[in-house]
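Just so you know, we're using the working numbering here: the sequence shown kicks off at 1 and counts up by one.
Under the rule of at most 25 Å between Cα atoms (straight-line distance), these lysine to aspartate or glutamate pairs were calculated in the DMTMM-like manner:
{"id": "1", "residue 1": "123", "residue 2": "167"}
{"id": "2", "residue 1": "55", "residue 2": "99"}
{"id": "3", "residue 1": "104", "residue 2": "49"}
What follows is a set of in silico ranges between Cβ atoms, one per label pair, in the way DEER data are often shown:
{"id": "4", "residue 1": "93", "residue 2": "23", "range": "31 to 37 Å"}
{"id": "5", "residue 1": "168", "residue 2": "60", "range": "20 to 26 Å"}
{"id": "6", "residue 1": "147", "residue 2": "90", "range": "19 to 25 Å"}
{"id": "7", "residue 1": "32", "residue 2": "180", "range": "30 to 36 Å"}
{"id": "8", "residue 1": "118", "residue 2": "58", "range": "32 to 38 Å"}
{"id": "9", "residue 1": "34", "residue 2": "14", "range": "23 to 29 Å"}
{"id": "10", "residue 1": "135", "residue 2": "96", "range": "29 to 35 Å"}
{"id": "11", "residue 1": "60", "residue 2": "120", "range": "35 to 41 Å"}
{"id": "12", "residue 1": "192", "residue 2": "120", "range": "20 to 26 Å"}
{"id": "13", "residue 1": "167", "residue 2": "18", "range": "24 to 30 Å"}
Hints listed in this document are in silico derivations from the structure and should not be mistaken for laboratory results.
Just so it is clear, CB atoms sit at the ideal spot from N, CA and C, and this is done for glycine as well.
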Amino acid sequence: MKIVIINYGAGNIQSIMFAIERLGFKAVLSNNPEEIKAADKVIFPGVGEASSAMKMLLESGLETLIPTLKQPVLGICLGMQLMCNKSEEGNTKGLGIFDVDVIKFTPKVKVPQMGWNQIYNLKSSLFDGINENEYMYLVHSFYAPNCSEAIATTDYEVEYAAALQKDNFYGTQFHPEKSGDIGEQILANFLNL
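Using the sequences provided together with the hints, build the complete structure.
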């Protein structure tokens, strides 16, 4: 199986690669459109700031490629947020895959939200074998509100989408690669889609 992690300058790539290796697979880092198109599975990571991350995608031409991919694609954290219509972070236009806008938590709560949160309302084969209310690791200041494409929910100030799915596109606000055995099971489920 050919697994490609999209390399567009976003952080957190090494921990994803190590998690995939622990599952017995190898992944390659690439920003080559032909290599990405030829992959069996694509992971779209992201740690950073939305507008600068989108600028890197625009410079590499990947903003037009990603929405056209036909194989399973997993956006993680900022990767998931960039797959939405737009983000309040830097007033950034997203890829428009998920029909929801990313907004900032209010000043009533500490941001970034950092730490372990329970996920529930699990609605996808991405969560096969995963129990309701498992803890996942999150670190973010912006979130996708609950919407029709939400396949998992969590709560911080408000209930919001912990994961999204539309067709072959999946997104997790949490970091499966940093969420222990349960997170790695979710990654394994993705790789087995």
